[in-house]
Amino acid sequence: MTDPASLERVRAEFLDELARAASDADLRALRDRYLGRKSGVVTSVMKAVAAAPAGDRPALGRLANELKRDIDARIAERREALAALGSAIPRVDVTLPGRQPLTGRCHPLTQMRERIEEIFLRMGYEVVEGPELEDDYHNFEALNMPADHPARDMQDTLYLAAPVVSESHTATVLRTHTSGMQIRYMQAHQPPVRIVSPGRVYRRDNFDLTHTPMFSQVEGLVVGEGVTLGDLKGTLASFARDFFGPDTAVRFRPSFFPYTEPSAELDVSCFQCGGRGCGVCKRTGWLEVLGSGMVHPAVFEAVGYDPERYTGFAFGMGIERVALLKYGVDDIRQFYEGDLRFLEQFPA
Amino acid sequence: MKIVVPWLRELVEVPVGTPELADTLGLRGFEVAEVDRARDVIDFEITANRPDCQSVIGIAREVSAAFDTPLRPIDAGPVARAAADPATAATVTIEDPVGCPRYVGQVVRVAIGPSPGWLADRLLAAGVRPINNVVDVTNYVLLEIGQPMHAFDLERLAGRAVRVRRARPGETLTTLDGQARTLAPDMLVIADAERPQAIAGVMGGAASEVGDRTRLVLLESACFQAASVRRTSRQLALKTEASIRFERGVDPGAPLVGIERACTLLVRIGAGEPIGQALDRHPAPPAPRAVRLRRARLSGLLGFEIEAADVERILPRLGFTLAREADGWTVGVPTFRGDVTREVDLIEEVGRHVGYDRVPETFPVLDRVQRGLDPRAGWDRLARRVLAGAGAFETMSFAFIERAAAEPFVADEPDTLVAIANPLSEKFAVLRPSLLPGLVDAVGYNRRRERRDARLFETGRCFSTRIAERRRVAFAWTGAAADEHWSGTARAVDFFDARGLVETLCQAFGAAIDCVPAERPYLVAGRTAEVRLASSGTTIGVLGQLSPAVAAARDLPAGDEVYVAELDLEPLGRAAAALADLRVQPLPRHPSVVRDLSLELDERLPAAAVRGTIRQAAPETLASVREFDRYQGTGVPEGRVSLSFRLTFRDPERTLTDAEVQQAMDRIVAAVTAAHGATRR
Chain F
1 MTDPASLERV RAEFLDELAR AASDADLRAL RDRYLGRKSG VVTSVMKAVA
51 AAPAGDRPAL GRLANELKRD IDARIAERRE ALAALGSAIP RVDVTLPGRQ
101 PLTGRCHPLT QMRERIEEIF LRMGYEVVEG PELEDDYHNF EALNMPADHP
151 ARDMQDTLYL AAPVVSESHT ATVLRTHTSG MQIRYMQAHQ PPVRIVSPGR
201 VYRRDNFDLT HTPMFSQVEG LVVGEGVTLG DLKGTLASFA RDFFGPDTAV
251 RFRPSFFPYT EPSAELDVSC FQCGGRGCGV CKRTGWLEVL GSGMVHPAVF
301 EAVGYDPERY TGFAFGMGIE RVALLKYGVD DIRQFYEGDL RFLEQFPA
Chain V
1 MKIVVPWLRE LVEVPVGTPE LADTLGLRGF EVAEVDRARD VIDFEITANR
51 PDCQSVIGIA REVSAAFDTP LRPIDAGPVA RAAADPATAA TVTIEDPVGC
101 PRYVGQVVRV AIGPSPGWLA DRLLAAGVRP INNVVDVTNY VLLEIGQPMH
151 AFDLERLAGR AVRVRRARPG ETLTTLDGQA RTLAPDMLVI ADAERPQAIA
201 GVMGGAASEV GDRTRLVLLE SACFQAASVR RTSRQLALKT EASIRFERGV
251 DPGAPLVGIE RACTLLVRIG AGEPIGQALD RHPAPPAPRA VRLRRARLSG
301 LLGFEIEAAD VERILPRLGF TLAREADGWT VGVPTFRGDV TREVDLIEEV
351 GRHVGYDRVP ETFPVLDRVQ RGLDPRAGWD RLARRVLAGA GAFETMSFAF
401 IERAAAEPFV ADEPDTLVAI ANPLSEKFAV LRPSLLPGLV DAVGYNRRRE
451 RRDARLFETG RCFSTRIAER RRVAFAWTGA AADEHWSGTA RAVDFFDARG
501 LVETLCQAFG AAIDCVPAER PYLVAGRTAE VRLASSGTTI GVLGQLSPAV
551 AAARDLPAGD EVYVAELDLE PLGRAAAALA DLRVQPLPRH PSVVRDLSLE
601 LDERLPAAAV RGTIRQAAPE TLASVREFDR YQGTGVPEGR VSLSFRLTFR
651 DPERTLTDAE VQQAMDRIVA AVTAAHGATR R
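These protein sequence lines map, in sequence, to chains F and V. Okay, so the first sequence: first residue is 1 according to this note's numbering, each after it adds one. Okay, so the second sequence: first residue is 1 according to this note's numbering, each after it adds one.
Next up, chain F with everything else stripped away, as it sits in the complex:
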């Protein structure tokens, strides 16, 4: 009844039980069960070896002794491992909240602006910034808006009480758009031109749910030989699909701006309802997001470009408006209050 195979079975059973032993107490019980003086499994095996035929006895005895030493060693090893693992190091409640490093956020308008900048940077545009205190020439006159032009009513202006002189110019107004930077850029560079000019702009608009007297814009300008209205449409449609999503439909509608001719507004299909009509798009299925057009020849004449040789397009969009639509913000003032409950909702 005692043979090498039965010894191996004992070993296998022991290893199985050892694997399940999780505490010191378990190990003590295991030791008693296998190595106990009276009824231990190995003790019984030893007795059986003594009763085996004399010819088998030396070999069996050797195997049995080996088994006994092995069990002894493995229990000891296991005891050490358990000690190292558990009993010496206190437990923690892993369900308690962790200690987070301080984390802040960039403003949602910053995030929007940078997304827009990145798209145009990828399309090979230069991002340029200009002064917020502007002179009448760069803000109006060079943009085909001479004094007494009715189009000046489209942008009610905040004027400085006294001119402010800087190295580059004498400012009299808070810029009503970033187009002044486009004039400055063209005065300093020859075509081809491919720029976007983001920044804050100011208008004497009363506060309401969608207007504040300061807001942010991104404007763009492309000038070269043979630039067409098709190029404008292709560029802005690509931008819209990149920014609003690949399934965005776009629509161009004729419009009027003094500095572009022809002029067009870009509508995108409502990203809330997909164009079926909802509260966000006032049931039209479309959202107006961009003003644009082919640069007016009078603007080229003002900066000394030959309008027969060069054509170009310009566009502009309000970042707040896009952010209002995109995030479902119902009061534009929330962007300017610094309310942490609001700011914390945007992704890091």
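Treat the hints as calculated values from the structure; they're not laboratory data. Be a bit skeptical, because a hint or two may be false.
Claimed, not checked - From the derived model, a few chain V residues whose C-beta atoms are all more than 10 Å from chain F: (1) W7; (2) R129; (3) Q662.
What the hints assert, rightly or not - Distance windows between CB atoms, simulated: (4) R115(F) with A411(V): 34 to 44 Å; (5) P252(V) with G304(F): 25 to 35 Å; (6) A518(V) with D306(F): 51 to 61 Å; (7) G226(F) with A309(V): 44 to 54 Å; (8) A161(F) with D327(V): 47 to 57 Å; (9) L209(F) with A518(V): 37 to 47 Å; (10) D148(F) with A411(V): 35 to 45 Å; (11) G378(V) with D306(F): 25 to 35 Å; (12) N422(V) with R115(F): 27 to 37 Å; (13) T648(V) with T170(F): 49 to 59 Å.
Every residue, glycine too, gets a C-beta built ideally from N, C-alpha and C.
Chain F is fixed; fit chain V onto it per the hints.
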């Protein structure tokens, strides 16, 4: 502009229903504000370049081009007149042909009464209140053909004379709205032989108003200079249906049509009979205008091939005349299209009606690499990344603030504030001299909403009369230094949290800084530092605890400690530019030796001074020195402080011996003892 659709259908064939009509014109440049199905009225937003479309006839021409259908003629006489009679004759004189290029007057014998129902209803649908038959007819003509008209009670005009002239100094006029107005000498008026009776193109006078007892009227149908009307309307803050049209430019060809149309209607409704011929004063009729349109340019600008047939269909429908040329057309511009002066204007007309949906999507050729991001925008980005990464939230505040909020930040030179001439209110009177007022208000805003802990930052421009505008970054930190945690690590923010954030920010720009004790009226004395570049000593900003007085003025509780800092981005940006030339240092191959040095010092002695002495006394092998403990209390005498420094010595070429480090330490101890009366602990 509210367009009554049945009225429109009288002037042009409209082959579709009202909703489709609105959609179609919406895509031709006339944005639809509202469609009133019950009254069958479409409210269009008319852009500033199209005064001709502030009328039913203007929209009718667009319909004609959009659907390729003919216009229907308006019945505009000429009407049979009663013979001229010296007893009713009027005179019309233009004394200022620049302000008034054309003036047409017509004497009409009238029987004042209410308008017939159809006329009154039409005006009401278009949003105009009916008054009496004569005034209603002038308003009807205004809406129909866009020609503003006025009716004077002729018997109230002294000398039955009309003189178009500039106002004289001190002249006054009570306008139809009952307001007595003082006229400025550059305002154009319609005067009789003695005094002004109307402000040209803006509003009539009460004295010559048409009333129930009026028997004779003089109808006015004139053309006034846009800029002159615009100035006057602005000066008087008075906008009317007439002034809106005149300041955008009305059709110099329309005044006579207006008179004939009005007379036709007056006769038709039995309200009056014209007497004698119209008095048409038109000293210098403008020459007919023509603009060249080249086919190549047309297709070249729009980006796709336009058929000649499209041009020859669209432009005549809009009222232009065409003469074919070898490379295109010579286009005669009608008088009502003052906005069309260049070839591009015609290209737009064709493009609009061909439809922007037919414009292909193409890309401009990119033949060179652009420079990418403006470096200054890059500074803003870096500052924002660092501060957001360090736990602060970006805010944006208005660049204009109230004077009282700005003044503490320019206490020494209040004249440098940039004021706005026409602010929305006193709350937005001056441009911010600093980002801090906005941040302080944002802290207060959160505080009033139960948020005691706030770390806020902003990047943006600050303004002064001296430097115009400057880019800055600033933060405000109040409440906890770290988020509350069950393990009890909470601690209130202090000066050194704020200073650490400044250090982290400047490090990101590659700028080492020193903080030097300073004073600012808006910061707590003794807790204020100027931030200077270590390399040049240039002051780039300020750091400290907000003064309780400033905090209280912005409704912050007195007990709140708010730490703020504000830095100029330009010098930081220049420092960052140097990072482009970065070369790495070889890694040390020999072990360093660390020694701690605890000194007992006068508590008023700046740590930087001791650090400086240590550096000076130490050999080149001193790699770093840093304070690691500061203690006052048991064992340290009153007025003294125990300050401990950790010194690290290293030689790039060899391993230092204990003896030489000890020698260095001895020299350092001797130096600080001599310089600062330090004792070693």
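| task | Go ahead and decide if the range 51 to 61 Å is satisfied by the Cβ distance of A518(V) to D306(F). | result | holds, 56 Å
| query | That 44 to 54 Å hint for G226(F) and A309(V) (C-beta), does it hold up? | reply | About 25 Å separates the Cβ atoms of G226(F) and A309(V), which means 44 to 54 Å is violated.
| Given a hinted range of 35 to 45 Å, is it respected by the beta-carbon distance of D148(F) and A411(V)? | holds, 42 Å
| Is it correct that the beta-carbon of W7(V) has no partner in chain F closer than or equal to 10 Å? | Per Cβ check, W7(V) is outside 10 Å of chain F; nearest 24 Å; holds.
| query | So the hint says 25 to 35 Å: do the beta-carbon atoms of P252(V) and G304(F) match that? | reply | holds, 34 Å
| message | Can you tell me whether the CB distance of G378(V) to D306(F) sits inside 25 to 35 Å? | response | With Cβ atoms ~34 Å apart, the hint holds.
| Status of the given 27 to 37 Å range, CB of R115(F) versus CB of N422(V) | For N422(V) and R115(F) the Cβ distance comes to about 35 Å; the hint holds.
| 34 to 44 Å as the expected CB spacing between A411(V) and R115(F), which holds or is violated | holds, 41 Å
| request: For T648(V) and T170(F), compare the CB-CB distance with the range 49 to 59 Å and indicate the outcome. | output: holds, 55 Å
| So is R129(V) really clear of chain F, every C-beta pair being over 10 Å apart? | Label holds. Min Cβ-Cβ 25 Å, cutoff 10 Å.
| query | Honestly, do L209(F) and A518(V) meet the 37 to 47 Å range at C-beta? | reply | Between L209(F) and A518(V), where Cβ atoms are some 44 Å apart, the hint holds.
| field | Non-interface label on Q662(V), tested against every C-beta of chain F at 10 Å | value | Given that every Cβ of chain F is farther than 10 Å from that of Q662(V), nearest at about 41 Å, it holds.
In the structure shown, a violation is registered for the earlier hint numbered 7 alone.
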